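J.: Residue 113 in full-length UniProt numbering sits at position 113 of the sequence shown, and the numbers go up by one each step.
A portion of the hints provided could be inaccurate.
[As the list claims (entries may be wrong)] Label pairs and their calculated CB-CB ranges:
hint	residue 1	residue 2	range
1	Ser28	Leu86	37 to 43 Å
2	Pro39	Lys129	52 to 58 Å
3	Ala71	Asp91	17 to 23 Å
4	Phe53	Arg107	18 to 24 Å
5	Glu85	Ile112	36 to 42 Å
6	Asn68	Val48	17 to 23 Å
Hints in this document: simulated from the structure, not taken from any laboratory. Values in this document were obtained by computation on a predicted structure and should not be read as measured data. Beta carbons are placed, not taken as given, at the ideal position from N, Cα and C, and that holds for glycine.
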Amino acid sequence: MSDDSELERLKAKRLAEMQKNINTRQDSEKTPEQTQEKPPENPRDILVKVLGFRGLEVLQNAESQFPNETAMIVQKLSELIKSGELNETIDGGKLMTLFRAVGLHIRMETKINVEQDGKFVSLTDKLTKQSKDE
């Protein structure tokens, strides 16, 4: 009989240890989830996620030329994106049109490439090469 009672006691002890391990694991799994709560996202990051073709280039030029005004526009656009009112990709042309509509004329670097001997070269290189030949 003592063997049976000792066996039952060992089973109960082992069961208690297993439950303790399970509880510890569950607590450790909950802790990273709680610590990984995302801090409020940067409005610029929210906007960058929905920018399309050349949108980031226009945004960077706008930020360098008109930092204060661009920050306000980025804030409002991110609010519209969060609320779901703006749910389409914004390409560079749309963003440029928006900036122009509010009176900000963003200057973009313009490159003109022409084909010469099967290669694309910049127009300035081609013109300087022609002027040297003459």
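J.: If I claimed the Cβ atoms of Glu85 and Ile112 lie 36 to 42 Å apart, would that claim hold in this structure?
T.: Taking Cβ atoms as reference, Glu85 and Ile112 lie about 38 Å apart, which means the hint holds.
J.: Do the beta carbons of Ala71 and Asp91 sit within 17 to 23 Å of each other?
T.: holds, 21 Å
J.: Between Phe53 and Arg107, does the C-beta distance stay in 18 to 24 Å?
T.: holds, 19 Å
J.: State, for the Cβ atoms of Asn68 and Val48, whether the hinted interval 17 to 23 Å holds or is violated.
T.: holds, 19 Å
J.: CB of Ser28 to CB of Leu86, is that within 37 to 43 Å?
T.: holds, 40 Å
J.: Return holds or violated for the Cβ distance of Pro39 and Lys129 against the range 52 to 58 Å.
T.: holds, 54 Å
Consistency note: the structure conflicts with none of the earlier hints.
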